[in-house]
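Trainee: Sequence:
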Amino acid sequence: MRVLTSVVLIAALAGLTAVCAQINIPMIPVPMTMQTFAVLVAGAVLGAWRGTASVLLYLALGAAGLPVLSDGASGIAPFSGATAGYLFAFPLAALLVGWLFGKARGVLAQFGLLIAAHILILTLGAAWLSTDIGLADAIAYGVTPFLIGMAIKSALVVAAAAACRRWVKSEK
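Just so we're aligned, residue 33 is where the sequence shown starts under our numbering, counting upward by one.
Hints are computed from structural coordinates only; laboratory data are not their basis.
A virtual CB, placed ideally from N, CA and C, is assigned to each residue, including glycine.
Among the clues, some could well be false.
[Said to hold, decoys possible] With a cut-off of at most 25 angstroms between alpha-carbon atoms, the simulated SDA-like pairs for lysine to any residue come out as follows:
id : residue 1 : residue 2
1  : K135      : R198
2  : K135      : A195
3  : K135      : R34
[Claimed, not checked] The following label-pair restraints were derived from C-beta to C-beta distances:
id : residue 1 : residue 2 : range
4  : A195      : T163      : 31 to 41 angstroms
5  : A172      : L36       : 42 to 52 angstroms
6  : P177      : V40       : 27 to 37 angstroms
7  : W131      : A43       : 19 to 29 angstroms
8  : S162      : L36       : 39 to 49 angstroms
9  : I57       : A148      : 17 to 27 angstroms
Turn these sequences into a full structure, and let the hints steer you where they fit.
Mentor: Here's what the structure looks like:
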């Protein structure tokens, strides 16, 4: 793939992640965004290195002050606050999905991989959150509310990745 094409795709997926971070789905006790959907699409479509680069670009834009993080957050505060563990998990999840998605044979294997990537995000997020509110509350507020969304978003990533990978492959 040409360098320019790679740069455009990395930037496009960083942009998609920024847009998806602003999509709030009201839930109790905390709202859910489509941020992890975009993070995992980046890995599934762009592969390990370009997908991770896309997520790192997204995080760098947020850290630099652009309001691209969930609810328009930006700056350094989100990287040291309650959501930091989730944010730090994003590039790892994109790397994992990018590395293994193409090797996963069949929709169920891909779905299982995406569930594992979501579990990685939720685990690191809850571990960080637990330092502030304790493990039981971190699981109650930082994991449990997102389990149904995790399954739905994983299924959506499988479908989106199938369509996008065909398009990206045709651009080579």
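Trainee: Evaluate each hint against the coordinates.
Mentor: Structure-based check of all given hints:
The suggested pairing of K135 with R198 holds, with an alpha-carbon distance near 16 angstroms, which does not exceed 25 angstroms. A C-alpha spacing of about 17 angstroms is found between K135 and A195, which places the hinted pair at or below 25 angstroms, so the restraint holds. With a CA separation close to 23 angstroms, the supplied pair K135 and R34 stays within the 25 angstroms bound. In this structure the hint that A195 and T163 lie 31 to 41 angstroms apart at CB holds, the actual value being about 40 angstroms.
For A172 and L36, the Cβ-Cβ distance of about 47 angstroms falls inside the hinted range of 42 to 52 angstroms, so the restraint holds. Taking 27 to 37 angstroms as the suggested C-beta distance range, the pair P177 and V40 conforms, at roughly 35 angstroms. In this structure the hint that W131 and A43 lie 19 to 29 angstroms apart at CB holds, the actual value being about 21 angstroms. The hinted range of 39 to 49 angstroms is satisfied by S162 and L36, whose Cβ atoms lie roughly 43 angstroms apart.
Against the hinted window of 17 to 27 angstroms, the Cβ-Cβ separation of I57 and A148 comes to about 22 angstroms, which satisfies the hint.
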